[in-house]
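Q: Chains as they are written, first to last, in the numbering used here: chain U, 59 to 430; chain G, 3 to 227.
Hint data in this document are derived by calculation from the structure and do not stem from the laboratory. As the structure is a computational prediction, the values presented were derived from the model and not from experiment. Heads up, some of the hints might be wrong.
[Claimed, not checked] Okay, the calculated bits of chain G under chain U, using three or more residues with CB under 8 Å as the criterion:
1. 6 to 17
2. 98 to 110
3. 196 to 202
[To be verified] If you only want the chain G side, here are some residues facing chain U, beta carbon under 8 Å, derived:
4. 72
5. 76
6. 113
7. 174
8. 207
The C-beta atom is built at its ideal place from N, Cα and C for all residues, glycine as well.
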Amino acid sequence: MFLRILWKLFGASRGRLAVALIALTSGAAVCSGLLNVNLDADRKLTQEFRTLGANVVIAPPAGGSEAALADSSVLDRIAVLRLPQIVAAAPYLYVAANSGSQPVILAGTWFDQVARMNSWWKLEGGWVFSRDDRDHCLVGFNAARQLGLAPGSSVQLRSGSNNVSLTVAGIVTTGGAEDNQILTNLDSVQDLAGVSGRVSLVQISVLGSPAEIEGVAQKLAGALPGFDVRTVRQIAAAEGTILGRIQGLIFWTIALILVLSMLGVLASMAALAMERRRDVGLMKALGGAVPRIMRLFLAEAGTLGALGGILGFLVGVVLARWIGQRIFGVAIEGRFEVLPITIALTIGVALAGAFPLRLLGRVRPAEILRGE
Amino acid sequence: MAPLVQVEHLEKRFGEVRALDRVSFEVEAGEWIAIMGPSGSGKTTLINILGGLDHPSAGRVVVDGLEIGNLGERELTRYRADKIGFVFQQFHLIPYLTALENVMLSQYFHSITDEKEAAEALARVGLSDRLQHVPAELSGGEQQRVAIARALINQPKLILADEPTGNLDETNERVVLTLLHEMHDAGHTILVVTHSQAIGNLADRRVELEHGRLARISVPSLAKE
């Protein structure tokens, strides 16, 4: 009989319940979408962060100019560790050079690795794609202006008694020290400076939270005794702060959405409670105990919440895919563990929104039967 | 044997208004009592107190050994489910439940539902072909018959009917009165609030109220015969 009455209650109040269901489904959809995004945000955002520059730097111990250069075999020793968190590792060799009478810093590196960790660099012209390309260079924005260089122009560089002639592939704007440098392939700079197989430092981009980054740095330090392995704390901390803020934003948005959904349900249920005063009065007159009557209404609200939760979850999965595509450029897959959370939250909201129905327990049957 | 209903010096006040003023009477099991009087004389208030829908302000009301004034809300609910069958002037059926479900609702609040028994109760009031109709699809007389079937389904000690024919035409009034007769003949104790002298004359006794006071208790001439 319980289910029979419950079914009839749904049928009798389908208009108002549909409004409540829409409020619940909308809220659940946003919650489910944001929960899916939240679960993936760490991974997606840290991946995004890894395109924002190195967060670990390995340098030889400070000392004389020769001692300050590391053997480039350090890169092999890093590779052997097979640390999956390492996204890119770019060696740098810095040499003081002259272009005509103008002094300039020439940096030798691996452009494929530089590209993986510095996607925000603005480029005018072309990139240098091969590590074997000894003819081209990239010129920092300030250096290009100072030396009067543009994509396609040639630049003669001298370091000590060695010379090299390079063609400018592109002008880069980085907002950092690279804006004042000329960058070319590592081998060319090593030959120019006569320090074959040596590097000044290695910049590494590590995926993960600040704690994970610190962990990787410690492993690197362990594997490279005598080297100075440092995390770029500002970057790691800023990434952690951004992640924390995004998660906080998601949490509070979910809380706000749930409250708004509850207000929508509350409005529908308040109207429903007015309609049902007479029925409840009659049920009480017939000997219906308040908890038994309330169980009917709470089961109705709970069922509505569960239904809203399931529908909302499905809509939320679509929403998460869309958000992922729009913000991260990659679809976020719906996580099954979000379903029970969404349903539980929506049932909670529905039961809270059914508060006016619970007040019906106070209805006095004598007053209702008198038509008051 | 103790009377089924004992009302002693019953008072009910609504603020300054005294709806019932020291009313006393008794009802034996199996009696049909008509409670009569002009509007505002306290008839419905008396029925509500007897039915456990309202609390007395003073005095004693004992029904089947239970003193109603001493019962809490939960016990009153159980009292209504176990001992009382209500028939109202406005029928008071749940609009979205069928005739059958309206009767079963009373079973549900009493103990367990029995669809067959509910269908038989409706058949006894001549509604075996209306089981699956909702109240809006039934005439006033049919709705009142559903209400009577609902009142009888749990075999209550006391049937309280408040103007049961007040909203019915002459034909349906006769049908309902016949049913009340049958209930009386079957041994049910019935208290009917009515303005109608004709219905009052069918009762075993008439309890007449005026301004909340018991004016007289009389035995109609038909009952004497």
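Q: Sort out which numbered hints this structure fails and list those numbers smallest first.
A: Of the numbered hints given earlier, those the structure breaks are 1, 3, 4, 6, 7 and 8, listed in rising order.
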